[in-house]
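A.B. asks: With chain B fixed as given, assemble chain Z onto it according to the hints.
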Amino acid sequence: MALPKPLWQFKEPRKTYDALIIGGGLHGLAAAYYLAKDQKITNVAVLERRYFGFGGSGRNTEVIRANQRAPEILPLYVQSNKLWNDLSGELEFNLMIWMKGLVGLAHSDAGLNAMRMRHETQTRMGIENHILTPEELKKLVPALDTSQRAAIPIAGGYFNPPAGQVRHDAAVWGLSKGCYRLGVDLCPGVEVTGIQVKAGKVTGVETNKGSISAPIVHMAPGGYSPEVAQLAGLKLPVVTLPLQAMVSEPLKPFLDQVVVSEGYFCYVQQTLKGDLIMGAHLDPWQSFNLYNTYEFASEQAYFILQLFPDLAHVKLMRSWSGLCDMTVDGCPILGATEIAGLFIDAGWGYFGFKSSPACGKNIAEYMATGQCPEKIKYLGIERFYTGQFIPEVYIARS
Amino acid sequence: MGFLIPCPNCGRRDVYEFKFGLEVKQAPGEAAGLREWRHYLYFNQNKSGLQEEWWYHAYGCGAWFKIKRNTTTNEILSNESETNKE
Chain B
0 MALPKPLWQF KEPRKTYDAL IIGGGLHGLA AAYYLAKDQK ITNVAVLERR
50 YFGFGGSGRN TEVIRANQRA PEILPLYVQS NKLWNDLSGE LEFNLMIWMK
100 GLVGLAHSDA GLNAMRMRHE TQTRMGIENH ILTPEELKKL VPALDTSQRA
150 AIPIAGGYFN PPAGQVRHDA AVWGLSKGCY RLGVDLCPGV EVTGIQVKAG
200 KVTGVETNKG SISAPIVHMA PGGYSPEVAQ LAGLKLPVVT LPLQAMVSEP
250 LKPFLDQVVV SEGYFCYVQQ TLKGDLIMGA HLDPWQSFNL YNTYEFASEQ
300 AYFILQLFPD LAHVKLMRSW SGLCDMTVDG CPILGATEIA GLFIDAGWGY
350 FGFKSSPACG KNIAEYMATG QCPEKIKYLG IERFYTGQFI PEVYIARS
Chain Z
0 MGFLIPCPNC GRRDVYEFKF GLEVKQAPGE AAGLREWRHY LYFNQNKSGL
50 QEEWWYHAYG CGAWFKIKRN TTTNEILSNE SETNKE
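Each protein sequence line maps, in turn, to chains B and Z.
Numbering-wise (numbering that gives the first Met the number 0), the first sequence opens with residue 0 and increments by one.
Numbering-wise (numbering that gives the first Met the number 0), the second sequence opens with residue 0 and increments by one.
Pulled out of the complex, with its shape left as it was, chain B reads as follows (with noise of 0.2 Å):
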């Protein structure tokens, strides 16, 4: 049954706009929406190679968050967050947003001291969060064993509550609907073959469907970084590596925050529907090939395990992959590039998809004036050549 008003038509792309995104992931969409919505630049089009969301956006664990470490980026992660609330209304599409908080658990004396260390950077900047002792969890997370009989015992954690989980796929649909309404051409099948510069200065892009010409062209490609970044002779500070994650059968409700151990290095939550997504392990090997292993399985089964003793024999019902592509400081590169006109979002690692509303607005904001916007001045790729790194970390299995 057709609707009698599409949520979003696609397109063949014209000859020319005032602006071309590269990449339809969620980043790429959002830069699109925010360009039209805030900046009023319309005249623009999304290339995406295959369909919208088919990487990182649709690969990620869905948790959104704001208890990184490094005060540089905090902003930006703060006002993903509110973005995030605000955008079923202003989508008039349910993301499914649930702002059910995360658990973090510390299991060495090292651990805990990384932990207050982060919990005092969040509070002096006004994010809510909470350090408590192994009896606390217990009490937050009735489920979680903080008995001495793990091989690793919980030696205490803390409770963020502006941390939670988005629907990845509505996410994508309702900013495809977003765009769609303020007029954005959204182009799947288009692949990006080269990157027009003359003078300095990009001036378009090749594709599989022709030419199209762009004063502004802003590179979003996630994972694909650095396939897209050499097309206009770009060399990135980031290696690709693939990160595995699964999804259990679904459960009765039991689970009602994102639990992450920053030693096993694993985290799970329960979704809406009850099933388990656990996560994740990077390789920490370069590859674009999305595959999964036994080994991952096996891993983060036994991790999971040892925090929730009582989810032995539980069915695994799917494990998929995606790419990260990571830098060394686990910051981003997000800003303009040594070519007037052309802008970059990459090496977000496996955090794009909790920043990609953020992202958007800013990043639009410095396409439409030229000026970046203070919540990403530190994002620049000049910090590799400086040695000005910012301190964030990753925390992932590798």
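Keep in mind the hints are simulated off the structure, nothing from the lab.
One or more of the hints may lead you astray.
[To be verified] Simulated pairs of lysine-lysine, BS3-like, Cα-Cα distance not exceeding 30 Å:
| id | chain 1 | residue 1 | chain 2 | residue 2 |
| --- | --- | --- | --- | --- |
| 1 | B | Lys176 | Z | Lys18 |
| 2 | B | Lys314 | B | Lys251 |
| 3 | B | Lys234 | Z | Lys18 |
| 4 | Z | Lys24 | Z | Lys46 |
| 5 | Z | Lys24 | B | Lys234 |
| 6 | B | Lys200 | B | Lys376 |
| 7 | Z | Lys46 | B | Lys200 |
| 8 | B | Lys234 | Z | Lys65 |
| 9 | B | Lys234 | B | Lys137 |
| 10 | B | Lys197 | Z | Lys46 |
[Claimed, not checked] If you want the footprint, here are the derived chain B segments under chain Z, 3+ residues with CB under 8 Å:
| id | region |
| --- | --- |
| 11 | 164-174 |
| 12 | 218-231 |
| 13 | 379-388 |
Glycine residues also receive a C-beta, built at the ideal position from the N, C-alpha and C atoms.
C.D. replies: Just chain Z now, kept in the frame of chain B:
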């Protein structure tokens, strides 16, 4: 699926025994400045396709060696020791 890495000493072993040592890069000369060294250290071609790269047999004999691997399929084309044997 995981895959096997050909160690020059131990033969084909499970990839989880190894550590990946990044793509083979040309180090800048002694006269190079800090900027060039940082470019060498942090920037990668990060190629999707065939590339030459370093591996370290961390949970084995401890050898560092180079192989040619297709990063899109994880297929390993050759390594020096095998080529030498032929």
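A.B. asks: Run every hint past the structure and note whether it holds.
C.D. replies: Comparing the hints with the structure gives:
Of the supplied pair hints, the one linking lysine 176 of chain B and lysine 18 of chain Z is violated, its CA atoms being roughly 44 Å apart against a limit of 30 Å. With a C-alpha separation of about 14 Å, the suggested pair lysine 314 of chain B and lysine 251 of chain B falls inside the 30 Å cut-off, and the hint holds. Our distance criterion of 30 Å between C-alpha atoms is met by lysine 234 of chain B and lysine 18 of chain Z, whose separation comes to about 23 Å. Between lysine 24 of chain Z and lysine 46 of chain Z the CA atoms are separated by roughly 12 Å; this keeps the pair inside 30 Å, and the hint holds.
Straight-line distance between C-alpha atoms of lysine 24 of chain Z and lysine 234 of chain B comes to about 13 Å, which keeps the hinted pair within the 30 Å bound. Pair hint lysine 200 of chain B plus lysine 376 of chain B holds up; C-alpha atoms about 22 Å apart against a cutoff of 30 Å. For a cut-off of 30 Å, the pair hint linking lysine 46 of chain Z to lysine 200 of chain B stands: about 25 Å separates their Cα positions. With a C-alpha separation of about 22 Å, the suggested pair lysine 234 of chain B and lysine 65 of chain Z falls inside the 30 Å cut-off, and the hint holds.
Pair hint lysine 234 of chain B plus lysine 137 of chain B does not hold up; C-alpha atoms about 48 Å apart against a cutoff of 30 Å. Proposed proximity of lysine 197 of chain B and lysine 46 of chain Z is supported: the alpha carbons are some 26 Å apart, at most 30 Å. For the region 164-174 of chain B, the assignment as covered by chain Z is violated, since 0 residues bring a beta-carbon within under 8 Å of that chain's beta-carbons and 3 are needed. As drawn, the region 218-231 of chain B meets chain Z at 4 residues by the rule of a beta-carbon pair under 8 Å; at three or more, the given contact holds.
Counting residues of the region 379-388 of chain B whose beta carbon lies closer than 8 Å to any beta carbon of chain Z gives 3, which meets the minimum of three for the stated coverage.
Checked against the numbered hints listed earlier, the structure breaks hints 1, 9 and 11; every other hint is satisfied.
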